[in-house]
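Protein chains: 2
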Amino acid sequence: MKTVDLSACPVCSKLKIDDEGAFLEDLKCSIKTYAKNELILRQGDVCDALYMLTLGSVKTEMITDNGNILGIEIIKAPRPLAPAFVFSDNNRFPVDVTALEEVEIMKIPKAEIMRLMMTNPDFMSSFMTHNANRTQFLTNRLQLLSIKTIKGKVAHFLLENSAVDNKTFIINRNQTELADFFGVARPSLARCLSEMVQDGIISINKKEYRILNSKKLRELLI
Amino acid sequence: MKTVDLSACPVCSKLKIDDEGAFLEDLKCSIKTYAKNELILRQGDVCDALYMLTLGSVKTEMITDNGNILGIEIIKAPRPLAPAFVFSDNNRFPVDVTALEEVEIMKIPKAEIMRLMMTNPDFMSSFMTHNANRTQFLTNRLQLLSIKTIKGKVAHFLLENSAVDNKTFIINRNQTELADFFGVARPSLARCLSEMVQDGIISINKKEYRILNSKKLRELLI
DNA sequence: ACGAGAGTGTAACAATTGTTACACTTTTAT
DNA sequence: ATAAAAGTGTAACAATTGTTACACTCTCGT
Chain V
1 MKTVDLSACP VCSKLKIDDE GAFLEDLKCS IKTYAKNELI LRQGDVCDAL
51 YMLTLGSVKT EMITDNGNIL GIEIIKAPRP LAPAFVFSDN NRFPVDVTAL
101 EEVEIMKIPK AEIMRLMMTN PDFMSSFMTH NANRTQFLTN RLQLLSIKTI
151 KGKVAHFLLE NSAVDNKTFI INRNQTELAD FFGVARPSLA RCLSEMVQDG
201 IISINKKEYR ILNSKKLREL LI
Chain B
1 MKTVDLSACP VCSKLKIDDE GAFLEDLKCS IKTYAKNELI LRQGDVCDAL
51 YMLTLGSVKT EMITDNGNIL GIEIIKAPRP LAPAFVFSDN NRFPVDVTAL
101 EEVEIMKIPK AEIMRLMMTN PDFMSSFMTH NANRTQFLTN RLQLLSIKTI
151 KGKVAHFLLE NSAVDNKTFI INRNQTELAD FFGVARPSLA RCLSEMVQDG
201 IISINKKEYR ILNSKKLREL LI
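Sequences listed follow chains V and B, in order. For the first sequence, my numbering begins at 1 and goes up steadily by one. For the second sequence, my numbering begins at 1 and goes up steadily by one.
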């Protein structure tokens with residue numbers, strides 16, 4: 001059974017491997033499966049290995065001190081989960097990870113990662129780049145959270161997600177998830193969205209969003 | 001002139017180098033100095049090299065779309081600035097960096113970093129760990145920002161900064177900087193602080209903060 | 001096709017925070 | 001030493017967001 005497509009993985013794609021099967025057998029790793037909605041990793045868990053999502057998709061969310069949920073992101077296989085934290089001094093998971101469907105996770109010991117990095121320059125480079133991109137993602141998240149008004153967050157989010165040429169796009173989150181993502185209350189988000197629709201700035205049809213007036217949308221950032 | 005103490009640097013400390021001088025001469029890098037309050041790096045600048053702060057201290061802050069300032073951290077030499085971003089796909093600086101005093105910065109090309117990593121396992125390990133710790137720092141920042149009430153942020157911050165045994169400590173930020181750090185308005189922070197003092201939860205004397213009632217402080221997180 | 005449950009729209013009201021303004025204190029530079 | 005600048009306390013008011021509640025629509029499984 002081939003469960004992993006290494007070439008699609010951001011940190012493994014550059015590996016020059018003759019025999020993928022042999023490579024994976026060589027790797028001292030264990031594989032575990034999880035059912036839909038199962039909690040895979042808990043915020044605060046010790047992170048002594050690299051967890052590679054090899055099949056399915058998961059969501060990560062942060063539980064704040066006050067019990068609020070802050071949605072972080074949805075991750076689809078194949079991709080490593082929180083790869084940076086394997087190497088941190090206080091190596092604990094920063095988020096809860098929950099299975100969105102049937103999921104398969106490969107657990108690779110830290111020592112194995114070290115070995116791969118030392119013997120394989122391309123792997124090292126990919127791993128570094130991937131981690132750097134993750135940091136950039138976190139920075140963007142920080143930027144989004146630091147916008148104080150909900151309309152500003154929405155504007156930032158929509159402008160970021162809209163291609164230059166295409167002003168219509170699908171957002172694969174329902175309103176509740178979107179509110180979690182922004183760290184605001186659901187009815188507050190609904191109010192802002194409906195006001196923006198009334199003002200002719202955007203239109204919403206189910207999960208399809210369209211920017212009608214990007215000038216006004218940009219003004220909401222000010 | 002010896003400007004750098006490698007042993008104090010989080011990513012260079014483990015380097016086994018006989019002749020520090022020769023090592024630094026070998027490194028294809030350039031050194032530049034900046035005056036107090038000078039803007040060293042601007043958010044969005046292309047980041048094609050590792051910037052190592054070798055002397056002095058700087059502050060980093062993020063300018064959000066709406067022009068607000070979000071204070072991130074104060075960095076003292078020796079330490080690399082935004083090391084993760086050298087390797088990111090979209091390698092641009094995430095923050096403004098401003099000199100807090102006379103500052104010296106060493107610019108090391110990306111290729112040199114790669115060479116060091118490949119030839120020096122300890123350097124690689126330190127670099128990885130440092131980047132991981134930076135990610136963890138960003139995650140903590142994210143957690144702080146996701147707390148919605150100002151008192152909650154203050155409580156989180158104070159509890160995080162207070163040692164277990166010592167309930168008194170110095171915060172080297174004035175009220176304005178603290179407000180920027182929390183991403184709130186200065187008078188709002190002042191109001192919360194004075195209420196917390198009135199309620200006998202904390203006491204403040206200039207920059208010395210003391211926790212008087214840690215139980216009540218913890219309740220503010222709920 | 002139909003009922004249960006999830007998701008959405010919206011309203012009234014409460015709570016928190018932001019804004020602006022100004023007096024006052026402390027620090028810094030000359 | 002003294003003026004200028006930076007930092008702090010605080011008040012009135014505006015604006016935004018959260019809370020709670022409920023009706024309505026849509027989706028999905030049986």
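Mixed in with the good hints there might be a few duds.
Which copy? The list can't say, so a pair holds if one copy fits it or any two copies do.
Claimed, not checked - Derived SDA-like pairs: lysine to any residue, alpha-carbon spacing no greater than 25 Å straight-line:
#1 K151 with N172
#2 K76 with R218
#3 K151 with N120
#4 K76 with G200
#5 K148 with E73
#6 K207 with L116
#7 K28 with T176
#8 K215 with Y34
#9 K110 with T33
#10 K148 with F93
#11 K148 with R92
#12 K76 with F93
#13 K28 with K151
Honestly, the hints are just simulated from the structure, not real lab data. Since we're looking at a predicted model, the values are computed, not measured.
Given identical chains, is K110 near T33, meaning Cα to Cα at most 25 Å, within a copy, between copies, both, or neither? within (20 Å within a copy, 39 Å between copies)
query = Taking 25 Å as the upper bound on the Cα-Cα distance, should K215 and Y34 be classified as within, between, both, or neither?
reply = Cα proximity of K215 and Y34: none, with 46 Å in one copy and 39 Å across.
### Query
How would you label the pair K28, T176 (within, between, both, or neither) given a Cα cut-off of 25 Å?
neither (40 Å within a copy, 52 Å between copies)
Next on the checklist: Within, between, both or neither: how does the pair K151, N120 come out at a Cα-Cα threshold of 25 Å?
Outcome noted: neither (47 Å within a copy, 49 Å between copies)
inquiry  = Within a copy, between copies, both or neither: which one fits K207 and L116 at a CA-CA cutoff of 25 Å?
reply    = neither (42 Å within a copy, 48 Å between copies)
- Task: Could you place K76 and G200 in one of the four classes (within, between, both, neither) given a Cα distance threshold of 25 Å?
- Result: Answer is neither: 34 Å inside a copy and 49 Å across each miss the 25 Å cutoff.
At most 25 Å between alpha carbons: which applies to K76 and F93, within, between, both or neither? within (18 Å within a copy, 27 Å between copies)
* At most 25 Å between C-alpha atoms: does K148 with F93 qualify within a copy, between copies, both, or neither? -> between (27 Å within a copy, 22 Å between copies)
_When Cα atoms must be at most 25 Å apart, do K151 and N172 count as within-copy, between-copy, both, or neither?_
within (19 Å within a copy, 34 Å between copies)
*At most 25 Å between C-alpha atoms: does K148 with E73 qualify within a copy, between copies, both, or neither?*
Result: close both inside a copy and across copies, 20 Å intra and 20 Å inter.
**Item:** Within, between, both or neither: K76, R218 at alpha-carbon 25 Å
**Value:** The answer is neither: 31 Å in one copy and 37 Å across copies each exceed 25 Å.
How would you classify K28 and K151 at a CA-CA limit of 25 Å: within, between, both, or neither?
neither (49 Å within a copy, 48 Å between copies)
Hints 2, 3, 4, 6, 7, 8 and 13 from the list above are not met by this structure, while the remaining hints are.
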